[in-house]
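Protein sequence lines, in the order shown, are assigned to chains L and C.
Residue numbering for the first sequence follows numbering that gives the first Met the number 0, beginning at 0 and increasing consecutively.
Residue numbering for the second sequence follows numbering that gives the first Met the number 0, beginning at 0 and increasing consecutively.
These aren't lab readings, by the way, just hints derived from the structure by calculation.
For clarity, every value in this text was computed on a predicted model and none was experimentally measured.
Worth double-checking, as some hints may not be accurate.
For chains that are exact copies, the list does not tell them apart, and a pair is met inside one copy or across any two.
Here are the computed lysine-lysine pairs in the DSSO-like style, where the Cα-Cα straight-line distance is at most 30 Å [to be verified]:
| hint | residue 1 | residue 2 |
| --- | --- | --- |
| 1 | Lys196 | Lys372 |
| 2 | Lys196 | Lys11 |
| 3 | Lys305 | Lys225 |
| 4 | Lys305 | Lys201 |
| 5 | Lys471 | Lys593 |
| 6 | Lys392 | Lys191 |
| 7 | Lys84 | Lys392 |
| 8 | Lys593 | Lys243 |
| 9 | Lys225 | Lys238 |
Read off the chains here:
Number of protein chains: 2
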Amino acid sequence: MSNALPNEQPEKIYLPRTSESESLKKIRHTTSHVMAMAVQKLFPEAQVTIGPWIENGFYYDFDKPEPFTEQDLKTIKKEMVKILKRKLPLIREEVSRKEAQRRIQEINEPYKLEILEDLEDPISIYSLGEDWWDLCAGPHVDNTGDINPKAIELETVAGAYWRGDENKQQLQRIYGTAWETPEQLAEYKRRKQEALKRDHRKLGKELGLFLFSDSVGPGLPLWTPKGTVLRSVLEDFLKQEQLKRGYLPVVTPHIGRVDLFKVSGHWQNYKEDMFPMMAEDEEAAALEQGFVLKPMNCPFHIQIYKNELRSYRELPMRLAEFGTVYRYEQSGQLGGLTRVRGFTVDDSHLFVTPEQLDQEFLNVVDLILSVFKSLQLKNFQARLSFRDPASDKYIGSDEAWDKAEGAIRRAVQTLGMNSFEALGEAAFYGPKLDFIFHDALDREWQLGTVQVDYNLPERFELEYVAEDGIRKRPIMIHRAPFGSLERLIGILIEEYAGDFPFWLAPVQVILIPVSAVQLPFIQEVAQKMRILGIRAEADASGERLGKSIRNAEKAKIPVMAVVGAKEVESNSLSIRTRAAGELGSIAVTEVLEKMTNAIANRENF
Amino acid sequence: MSNALPNEQPEKIYLPRTSESESLKKIRHTTSHVMAMAVQKLFPEAQVTIGPWIENGFYYDFDKPEPFTEQDLKTIKKEMVKILKRKLPLIREEVSRKEAQRRIQEINEPYKLEILEDLEDPISIYSLGEDWWDLCAGPHVDNTGDINPKAIELETVAGAYWRGDENKQQLQRIYGTAWETPEQLAEYKRRKQEALKRDHRKLGKELGLFLFSDSVGPGLPLWTPKGTVLRSVLEDFLKQEQLKRGYLPVVTPHIGRVDLFKVSGHWQNYKEDMFPMMAEDEEAAALEQGFVLKPMNCPFHIQIYKNELRSYRELPMRLAEFGTVYRYEQSGQLGGLTRVRGFTVDDSHLFVTPEQLDQEFLNVVDLILSVFKSLQLKNFQARLSFRDPASDKYIGSDEAWDKAEGAIRRAVQTLGMNSFEALGEAAFYGPKLDFIFHDALDREWQLGTVQVDYNLPERFELEYVAEDGIRKRPIMIHRAPFGSLERLIGILIEEYAGDFPFWLAPVQVILIPVSAVQLPFIQEVAQKMRILGIRAEADASGERLGKSIRNAEKAKIPVMAVVGAKEVESNSLSIRTRAAGELGSIAVTEVLEKMTNAIANRENF
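Sequences and hints are given; from them, build the entire structure.
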């Protein structure tokens, strides 16, 4: 960026999400119909199923014996452009169920018949001119001519199951995108390209941070030495912050009896997301007498709280654990580090009196914000994840929910945070304040979370002796600034595009000798650095200088120190950093001091 | 100890284990027969089963409807003394199976009949005078008069099952002990008493280090904040040592597919010790398609090794993880921290070339010895745990086993270690060098282990590219200096009797004010200490001084600093340590410096 010429900075193009733009909703929904019409024109044997808009475009699922090829996509696109240019009107019609059935049978589309069964009256139909129609609730543009043919693109074909059920027919899903202007499409493609470069799965492999193994299982990352350093630095950083703020570290098992999760309500409300039970035999299995992997740490921290009768003097009690939990995500939904089956939550449960709730909640938000700042994550919103009052998937009384949601609203107001409410996004035991982070490519990621919980204290009958000697019920705050180490690292890799800030980088400095003569010197300097806690490597590969420099660049090591005869003589290092380029020759003592400071202050070097 | 008067130190009485003393074997075996004879005299309805010697005494299992009371034990003991005083000869007789059957039927002892079925010819019988006999292989003393009535004791009654099978009859087991001299018995009782005081379950509770919860499950400890500090200090200590020695930290999941453990051989050879499989449904269970909790970390570290083609330049590669593993111990065998179902192994797997094996093995032993030294554990032996050549519970070729056992023997010889060989104690994949530690009460504990393994590299087809470009097989060393954090902490609690050395203690210093006036001063000093990494607490309880001091003593905090007006004025602390008593008034700056040094050098304050 420092090399960018003035005035060459392109104007930033804002790309709305479909959910934010009525216009995009119409364009994308219509384009998906146009695509289906084009497909059926070219492949009359293809049967259509569903074709919704999604955040970045749309898709449509087809039942067709032969797989779509890359070439097919091009032909379909051409056909779509023709349809757009025909300026076909989109005509909405309401018909009786019987009439809808008749029309479907006429064109022999069995999937539509199934879809019809789930629809409520009135049944609406959209026609594209006179050639093609679909069951659809809309909305659509008025005319295919309203869609710019230069602002649409077909992207990929993927497998899908009818109704998402892997026991049902396998379908082919074509993904596409559509925008208001060709400029938007170009920006979208640029971001997609950039996202591909930043893909943490790709970078994670190139930088040697983690791996997956078929024999271990999907969604279960194994961390290499370099990735483990990343984890440890992040853990230690948060542990230090927590120590300052009076958190108490604990360690708890990864499994517990099923009964524990019955008391917590996980077994009843969260079982689908849990790994199967471990039972000795069928009888034990039938009686649900067995162990399960923990999907959350709360019931365990509660056991520690409950181990003694607590006094108000001990509250707020902030039990903290980097607790690894396991959730049985569908294997199809797993991807890199952001959706895994085993992950380490930077978890804490705060047991507080009602009087302490508001202040402790604010303290937690303050901690989270300071963590984000250290990680250079700037662009986020607060999502108030509340319960959907219409759903019965929650535990606890209305009163408890109202109180908890109230506490979250008060905190967000006090802090004047940029926020929005999301009904139905609460945990089953309580509402949450989630931090939604927008990355460099304007993608949304969920980071840190804080939850207020009146329900688990009730279910576990938690108590404390208040100042007046009466036993009272504490309130719990669940919180995780990172969310999980895995997810955070995945997001950081993408946000930094693999260029970790100095304090976080698995290898911070590489010392490269101009020739073998300087090897003893760089090994001595590397050793000095390591003693000071600087993660330094001496390049003893014997490669040519150019090759060594390229290797260091590929490994995205933040600081490179080239050492020739001059540097040895003057006891200095010729420093080049990824953040600021060539810094020239600097005395070793000065480098050591600056690096130590940069690490302590979590700054760049 | 520093207060003991000269010449009052009693001569240390050596207590041999039964397995080490032919004389004790005879005494204890005979005493168990004498007890059975006494029981049947007093309770003719009691039927006898088996009555072996054990390491500290003997027991005998009886089938008797009414439970034995404390009073019964006294009466039985009196009867036993009478039998001893009758100086009955022990007469050995060999009889035919048929004759044995006849005699058993005559006295109506159905259990003996069952025992007889398992015996091989010739059948030997021991009679006590003419009144009582038992099926027995001996050995025994010649005459009950050889046993000193003042050197025997009956201890407790416990439940037991016939043949250890909980589906069979419930029996009553009486435990007793017997020695050569009354002095030995007295020393035994003293040690038992002392062991009770040091019991880590009792002290762990009193010091608030860990807890068990019925809802979580047996053998699954939960670590309180204080216990977690202990764990962290031990972990950090070993991590530092490992960093210096070129170990590379990794992190791996707690579960893996069953298939992974089939390749490693755990599924075939270690399944009994593993938690039940997690399978989605019965079909998956039948096909063994599921996940299991890892009982060991090796297969996971192997996956990381295998992730890339390795060069000889990368070896030895020392992958290290504080890896929590789960083993399905019988719930009856669980006890405190020394026998648990979930524990954290300070694990490492070293992948080495054949040329590196001997030196790396020695380096590992050197690390283990230096760890023991820092922990002030002095009294240990090396147990060479080799395979039992007669058993088929091992994997791998004879050649591989011979090579691995050879490497262990060479290391022990090179180091001139006090050692012994134990056949049948190997892991199923390789032989081990185990460190057997004798504690202050002369009890044996197994600590650290090193294993040489030619078999898993074979099963997982591990390779490295040697200097000559040819792909070769590495050898693995498995090692764990602590064994496990849980076990080590259990043993340390008992060895130190809860008095942790300064650098390890969860709370290192407590600052106690003489009155509330000094509170601001001690809080300021405590804060200074914490910034330096000293675990300090300021006593703000408002209790009387005497009470506060007693609380600190009960909590076994190594350093107590009492602060009155004089101390505030002179900016000093009046120090009392558990290790060295009163140290008088010391300037705060000096205390801070000395404490920082003591922690860095892992010394007492």
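How the hints compare with the structure:
no., hint, verdict
1, Lys196 with Lys372, "within (25 Å within a copy, 51 Å between copies)"
2, Lys196 with Lys11, "within (20 Å within a copy, 73 Å between copies)"
3, Lys305 with Lys225, "between (39 Å within a copy, 16 Å between copies)"
4, Lys305 with Lys201, "between (45 Å within a copy, 19 Å between copies)"
5, Lys471 with Lys593, "neither (52 Å within a copy, 45 Å between copies)"
6, Lys392 with Lys191, "neither (37 Å within a copy, 56 Å between copies)"
7, Lys84 with Lys392, "neither (48 Å within a copy, 77 Å between copies)"
8, Lys593 with Lys243, "both (25 Å within a copy, 23 Å between copies)"
9, Lys225 with Lys238, "both (20 Å within a copy, 15 Å between copies)"
Figure legend: structure checked against the earlier numbered hints; hints not met, in rising order: 5, 6, 7.
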